[in-house]
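Undergrad: From first to last, the protein sequence lines stand for chains A and B. Residue numbering for the first sequence follows the numbering used here, starting at 1260 and increasing by one per position. Residue numbering for the second sequence follows the numbering used here, starting at 1260 and increasing by one per position.
Watch out, some of these pointers could steer you wrong.
In this list, chains with the same sequence are indistinguishable; a pair is considered to hold if it fits within one copy or across any two.
Said to hold, decoys possible - The calculated lysine-lysine pairs, modelled on DSSO-like cross-linking and capped at a C-alpha distance of 30 Å, are: (1) 1566 x 1303; (2) 1316 x 1573; (3) 1402 x 1527; (4) 1316 x 1478; (5) 1356 x 1566; (6) 1316 x 1303.
Keep in mind the hints are simulated off the structure, nothing from the lab.
2 protein chains.
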Amino acid sequence: MKSASTCSLLNRYDQFYIFTHVRPDGDAIGSSLAWGRALRLAGKSVQIFCPGVIPDKYLFLPRAGEIRDRVPDGNGAVPAFVLDCSDLNRLDYMKEKVQELGEIVNIDHHVTNENFGDYNIVDTSSSATAEIIYDLIGECGFKLDREISLCLYAAISSDTGSFKYENTTPRTMRIAGNLLEYNLNPSVVSRKLFDEYPLSTIMLLRDALATLRFEEEQKIAWMSVTAEMIAVNGARPEELESFVNYVRNIEGVAVGILFYHTGNGETKVGLRSNTVDVAAIAWELGGGGHPRASGCTISGDASTVEKKVIDLIKVFISENGTPAVE
Amino acid sequence: MKSASTCSLLNRYDQFYIFTHVRPDGDAIGSSLAWGRALRLAGKSVQIFCPGVIPDKYLFLPRAGEIRDRVPDGNGAVPAFVLDCSDLNRLDYMKEKVQELGEIVNIDHHVTNENFGDYNIVDTSSSATAEIIYDLIGECGFKLDREISLCLYAAISSDTGSFKYENTTPRTMRIAGNLLEYNLNPSVVSRKLFDEYPLSTIMLLRDALATLRFEEEQKIAWMSVTAEMIAVNGARPEELESFVNYVRNIEGVAVGILFYHTGNGETKVGLRSNTVDVAAIAWELGGGGHPRASGCTISGDASTVEKKVIDLIKVFISENGTPAVE
Chain A
1260 MKSASTCSLL NRYDQFYIFT HVRPDGDAIG SSLAWGRALR LAGKSVQIFC
1310 PGVIPDKYLF LPRAGEIRDR VPDGNGAVPA FVLDCSDLNR LDYMKEKVQE
1360 LGEIVNIDHH VTNENFGDYN IVDTSSSATA EIIYDLIGEC GFKLDREISL
1410 CLYAAISSDT GSFKYENTTP RTMRIAGNLL EYNLNPSVVS RKLFDEYPLS
1460 TIMLLRDALA TLRFEEEQKI AWMSVTAEMI AVNGARPEEL ESFVNYVRNI
1510 EGVAVGILFY HTGNGETKVG LRSNTVDVAA IAWELGGGGH PRASGCTISG
1560 DASTVEKKVI DLIKVFISEN GTPAVE
Chain B
1260 MKSASTCSLL NRYDQFYIFT HVRPDGDAIG SSLAWGRALR LAGKSVQIFC
1310 PGVIPDKYLF LPRAGEIRDR VPDGNGAVPA FVLDCSDLNR LDYMKEKVQE
1360 LGEIVNIDHH VTNENFGDYN IVDTSSSATA EIIYDLIGEC GFKLDREISL
1410 CLYAAISSDT GSFKYENTTP RTMRIAGNLL EYNLNPSVVS RKLFDEYPLS
1460 TIMLLRDALA TLRFEEEQKI AWMSVTAEMI AVNGARPEEL ESFVNYVRNI
1510 EGVAVGILFY HTGNGETKVG LRSNTVDVAA IAWELGGGGH PRASGCTISG
1560 DASTVEKKVI DLIKVFISEN GTPAVE
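Full structure from sequences and hints, please.
TA: As structure tokens, this is what we get:
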């Protein structure tokens, strides 16, 4: 077992660094905090790093505010755990610092992981890196406590969309059940992760829904958001994150689109489907992604870009059809 | 154990009826279908009844279309399982029929259950009646199959809001994990239960969000929907079900309100909060509910009703404050 050699590495050092990826999500933050806490409970000195800002919504996790965005100089051979990163480029401006450190332990669940570590604990059947950390804590004989459980539970819930996504397995549910034993409140965690948004988000949603349009007997549906709409509502572009799902979730819609006209001559296009391979569509437009969730960025006049994308999807649907789900 | 006597009842009869409540939810339907299937696999003859229509969103559950809304005459002493009902009034126009039948087995998880059965299997620590059915299937030595697992999983997911609500326990998660072993796709089930809506719903949401208003430094927020708005969008009043949550989920909002002006001189008021006892507010307005989710119906002119409710909440907040959550 690969984690056995990791447990022996742990015996050889007293100090460790933990790194996670740029634009961190709940799994990146929760897994890092949980692993850091487990190491500290085992008597180790630990610092956690992330290249960039921790989003406000994750600051309810204990010690999330202590995650650092700068690596100090003169570290010597401190071993580095790199969590939830498919490759070292995910560490953005911290990449070179990590390569100057000691041994690298790569802990991840992405199918695209490049096994870049001196040790690689990669399990693509895990819904979240947090599932791997949960096992590792057990295998190393470390303790779980409420703080670790909260961080791991939030990480798993975050990466499975509250146990809705296809990556949710029987094991995912059983681990989450074991974590809930530590007196966690799933309602409070879920609200923080999923169900709370600033006023600006709902005002922006209101304006976005007013732009909802359809073509091809409502098989294609889209909303168009402009930089002005974001500014008027005091919102930030990140608040658009889930908007395209409002389009995708309409019955009968095969492809849901969110156009975000950034105001600098570019349009960011989000594509979602329950039935159509939108990765193939994004690919033709110079983007990429997953079969059900993809995106691309296109330069040009707003209405020209919209027409180009919609026309391509029309052709795609007429050639490939829109198969029923299940 | 109470279920032991139920298992013995099962040996004494070959035919059973299963009843569940009016305006059935996912737990009512899923539990009934699962228990019916388990009994049939054990060689029993079973019919399932529900007073009223099964909502479209649940028709993906196997055999949901076979649930009957009329009880035939001349039944004799057929034993009746009554599922997910706190009292017999929940059976609406079927109540008397059930009382004319044979022995009644009351299987439920509501704290308000009146133990109305000849046998009562009531477990208020269960997130859903489906958890009790899961145990009962095991205790009676019945088989689980994919169809039963799908129905039980959907029932539990439905009653816990995809494992978000406070009623979600470690046991809930472990049962759901065991059910997922039967090759279920949590993504497909979740979409059916939570993430799919007719076009009319999103158009109505668009119009509802355009009415979003605030008072008291945004501690009170509300939307106002009229019968005309519902008609114009080809929607039905049931589609308003989750709208008040869009108001409640805004950061800083203490009380979220949905006013539905029905057009016949009445306004239905939905109240939601994460911090304030809205049951007490609804009580003063002649309604009722839970501390975090309540409602009432008020007669009168639309704007007068809105002012009355908002003024009362203002007084309530000034007297009781808006405590922070956690």
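Undergrad: Work down the list of hints and note, for each, if the structure agrees.
TA: To see whether the hints hold, each was checked on the structure:
no.: 1; hint: 1566 x 1303; verdict: neither (57 Å within a copy, 60 Å between copies)
no.: 2; hint: 1316 x 1573; verdict: between (38 Å within a copy, 29 Å between copies)
no.: 3; hint: 1402 x 1527; verdict: neither (45 Å within a copy, 51 Å between copies)
no.: 4; hint: 1316 x 1478; verdict: between (34 Å within a copy, 20 Å between copies)
no.: 5; hint: 1356 x 1566; verdict: neither (45 Å within a copy, 61 Å between copies)
no.: 6; hint: 1316 x 1303; verdict: within (28 Å within a copy, 52 Å between copies)
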